[in-house]
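Work out the full structure: start from the sequences and follow the hints.
Residue numbers (the numbering used here), protein chains in the order written: chain A, 1 to 528; chain B, 1 to 367.
Hints are computed from structural coordinates only; laboratory data are not their basis.
Heads up, a few of these hints could be off.
Result set (SDA-like, lysine to any residue): computed pairs, CA atoms no more than 20 Å apart in a straight line [what the hints assert, rightly or not]:
no., chain 1, residue 1, chain 2, residue 2
1, B, Lys318, A, Ala239
2, B, Lys99, A, Tyr322
3, A, Lys196, B, Thr258
4, B, Lys318, A, Asn237
5, B, Lys328, B, Thr258
6, B, Lys151, A, Phe60
Model, not experiment: these values are computed from the prediction.
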Amino acid sequence: MSAVIDHGHAGHDHHGPAKGLMRWVLTTNHKDIGTMYLWFSFAMFLLGGSMAMVIRAELFQPGLQIVQPEFFNQMTTMHGLIMVFGAVMPAFVGLANWMIPLMIGAPDMALPRMNNFSFWLLPAAFTLLVSTLFMEGGGPNFGWTFYAPLSTTYAPESVTFFIFAIHLMGISSIMGAINVIATILNLRAPGMTLMKMPLFAWTWLITAFLLIAVMPVLAGCVTMMLMDVHFGTSFFNAAGGGDPVLFQHVFWFFGHPEVYIMILPAFGAISSIIPAFSRKPLFGYTSMVYATASIAFLSFIVWAHHMFTVGIPITGELFFMYATMLIAVPTGVKVFNWVTTMWRGSLTFEAPMLFAVAFVILFTIGGFSGLMLAIAPADFQYHDTYFVVAHFHYVLVPGAIFGIFASAYYWLPKWTGHMYDETLARLHFWMSFIGMNLAFFPMHFLGLAGMPRRIPDYNLQFADFNMVSSIGAFTFGVTQLLFLFIVIKCIRGGKPAPAKPWDGADGLEWTVPSPAPYHTFSTPPEVK
Amino acid sequence: MGILLWLAFTTPTRAEWTVNMAPGATDVSHAVFDLHMTIFWICAVIGVLVFGVMFWSMLVHRRSTGQEAAHFHESTTVEILWTAVPFIILVLMAIPATKTLIDIYDPSESELDVQITGYQWKWHYKYLGQDVEFFSNLATPREQIDNRAPKGEHYLLEVDEPLVVPVGTKVRFLITAADVIHSWWVPSLAVKKDAIPGFVNEAWTRIDKPGIYRGQCTELCGKDHGFMPVVVEAKSKEDFTAWLAERKQAAAAERELTSKEWSMEELMARGEKAYNTTCAACHQPDGTGLPPMFPALKGSPIATGPVQGHIDIVVNGKPGTAMAAFGKQLSEVDLAAIITYERNAFGNKVGDMVTPKDILAFKQAQE
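Shown next as structure tokens:
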């Protein structure tokens with residue numbers, strides 16, 4: 001009898017993926033779920049990107065040509081929401097799902113069923129969110145920061161669907177974060193101490209704690225909106241004794257850590273990629289860990305720098321200015337460590353390295369404009385202008401998005417078992433690099449010259465740079481279809497990838513064959 | 001990138017290719033501009049150093065040049081150094097920043113107080129204690145926005161009635177809003193303050209030279225956020241005093257109009273003008289609205305129904321919707337003219353007429 005049971009178990013341990021659609025619906029495999037997260041985020045990237053194309057097409061020339069202001073506002077709002085919650089965050093969760101178990105020698109994520117659920121909440125949430133565009137009165141039109149009372153008393157009726165969608169995304173993120181923490185703290189291979197983990201695992205561990213800390217704050221924020229809209233409360237309504245500024249405090253207490261949620265995992269991936277292509281160990285591993293933790297801590301005490309113009313007392317302005325400036329210190333440490341890692345290395349520039357180097361340079365430019373924005377008196381001039389748009393696109397596009405591209409090219413051989421087409425990948429890099437800089441660099445000038453953000457039409461003095469910016473944006477947008485082509489080509493065939501396709505790479509993920517088998521590390525590896 | 005930046009900031013450029021902030025027209029705006037440039041140059045120098053090292057590495061330390069990788073990977077001394085040095089630079093940046101901020105928060109008494117109220121999508125200016133107040137609406141014609149006429153130099157940055165202030169005088173702004181959050185910004189004055197419903201924010205300026213200074217609303221406030229400019233006209237003290245006296249007289253004359261006997265034609269003519277300034281942004285010039293947020297007036301039950309209901313919604317608004325209470329925003333004459341116009345335009349043919357006296361009676365009955 002026992003032999004039969006043993007046989008059953010053995011069969012269960014070694015089965016491959018189920019066949020057909022149900023494989024994806026019911027899967028609890030970290031690789032399947034990681035793949036689904038990545039495809040979902042890419043689909044959202046294209047959707048949010050096409051909305052950006054609508055925005056840039058309208059701004060190509062002064063005057064109203066293509067869309068009316070009410071639809072323009074829906075586009076800016078949905079572009080922001082979809083890129084933040086649909087493209088960047090799920091992409092990093094996808095990378096975490098695929099890579100963290102492989103990096104720490106775990107057989108799977110610690111909570112596989114919850115993993116499945118946290119993914120499948122996302123398509124539901126975004127179907128709900130996108131469906132508002134087809135409702136009477138249109139979708140959310142109050143900006144991705146949805147300041148009350150524009151998003152409560154003055155909102156279109158679809159705001160309720162928006163609130164529910166945000167709740168679902170929040171639940172999904174919290175479950176994803178719990179899973180990452182449980183996996184890293186419980187499933188590391190013997191000998192894999194915390195300070196031996198790859199930085200990607202470290203930055204994700206810290207990101208996961210940020211998520212658990214702030215997603216409930218966002219949920220509270222939208223719940224208060226729901227109460228104001230439907231149940232007659234006045235959290236954000238001054239006429240009823242509430243305070244519209246309270247909304248901003250609560251939102252940015254979530255919102256500022258959120259921007260680090262979108263960048264820390266990229267820091268981690270870049271910290272694997274730069275050493276691999278410099279053929280030299282990462283410089284200052286320990287200080288990288290401490291710097292990440294410091295950034296995470298500081299992210300909780302700087303939120304009001306988004307609110308320098310709401311009328312806070314001078315002591316408040318000074319505190320938030322100083323605290324924000326301090327972030328430059330640990331961020332600087334990270335940049336210096338990456339540069340020193342490259343110093344006297346033996347560098348080659350395959351696609352992952354190209355994206356990684358561009359990441360360091362362009363993210364640093366975004367960091368400089370961030371430091372300028374931290375200076376409260378100067379921020380009175382920059383606030384809510386295109387200078388801010390330039391700043392956060394410099395940290396998010398070459399920061400988060402280039403980080404994701406670098407990771408994708410770095411690990412594609414491991415995922416698919418094939419090498420991607422290097423020539424096309426370099427073309428993808430250069431087109432993205434040129435398009436992105438052409439799109440976002442002129443925005444600094446527009447902001448300094450006085451163009452406010454979120455406007456569908458502008459004075460003639462802003463016309464030239466807007467046209468340049470739109471051309472850059474279209475270039476960047478079209479180039480991403482090339483990325484889709486490269487990935488599909490890589491999945492369907494190409495030069496077979498060895499277990500370790502990059503000679504300078506280091507880490508447990510390169511000890512398993514390429515493509516990584518459906519089940520890996522069923523027996524934990526020994527880490528010395 | 002550092003070189004590119006340097007080029008961008010030093011090459012003489014045509015006005016359309018403005019790449020930097022303007023120094024502005026007040027002491028505060030000059031201080032802010034200097035601060036901006038100081039921080040910019042510090043960032044530029046750091047950028048050149050860091051990227052210089054990086055590019056050196058990328059050019060020289062390549063495998064293709066036969067470079068063997070070194071193996072060093074930590075140095076506590078270096079880590080402490082590049083934590084401490086940036087910290088000191090930040091302290092050096094914080095000193096002028098703090099000084100400028102303290103100057104901006106100067107609490108000394110002002111000589112003129114103006115209350116600024118943001119509305120969807122216009123500004124209201126009230127000279128406190130002077131009995132002068134007015135709305136400031138976008139003056140750019142619709143044809144220019146819809147590309148049916150060539151755009152003027154001040155496209156979208158022009159208003160019917162600018163805020164007029166005297167030069168060499170400390171003017172205090174008390175900024176608030178009637179509906180959603182707006183933000184009042186004039187770059188040349190370096191004044192940007194959010195206008196928040198239910199709260200009053202303070203800002204001030206002292207302009208040196210007479211002139212016209214233009215800005216825009218900088219907080220997303222709904223559909224026409226991009227179409228509510230701010231224009232400030234600074235006049236010499238004498239001109240300002242004369243202007244203020246003239247405005248006071250005009251306000252008195254306006255009040256007298258309430259008791260005048262109005263004809264249907266006069267009300268319709270005035271109504272059309274006032275409707276296009278105040279109502280057309282939402283309800284559209286042809287009265288078809290933008291449902292469901294902004295209902296059509298053409299054939300609507302209110303505009304074609306009992307007159308009391310129509311007066312009520314215009315005077316008191318409809319809580320919980322975008323329909324504001326116009327009772328305190330507009331004069332009795334304009335209210336009467338708009339209501340008369342709405343009942344008899346866009347194919348509505350109620351045929352009745354509302355006079356300023358009717359509005360006055362309605363308001364008094366409410367009190």
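Going down the list of hints, with the structure as the test:
1. With a CA separation close to 14 Å, the supplied pair Lys318 (chain B) and Ala239 (chain A) stays within the 20 Å bound.
2. Taken as a hint, the Lys99 (chain B) and Tyr322 (chain A) pair is honoured in the structure, with Cα atoms around 13 Å apart against an allowance of 20 Å.
3. Taking the CA atoms of Lys196 (chain A) and Thr258 (chain B), the gap is about 83 Å. The hint is violated against a cut of 20 Å.
4. The straight-line distance between the Cα atoms of Lys318 (chain B) and Asn237 (chain A) is roughly 16 Å, inside the 20 Å bound, and the hint therefore holds.
5. Restraint check: the Cα-Cα separation between Lys328 (chain B) and Thr258 (chain B) comes to about 15 Å, which is no more than 20 Å; the hinted pair holds.
6. For the suggested pair Lys151 (chain B) and Phe60 (chain A), the alpha carbons sit about 15 Å apart, so the restraint of at most 20 Å is met.
In the structure shown, a violation is registered for the earlier hint numbered 3 alone.
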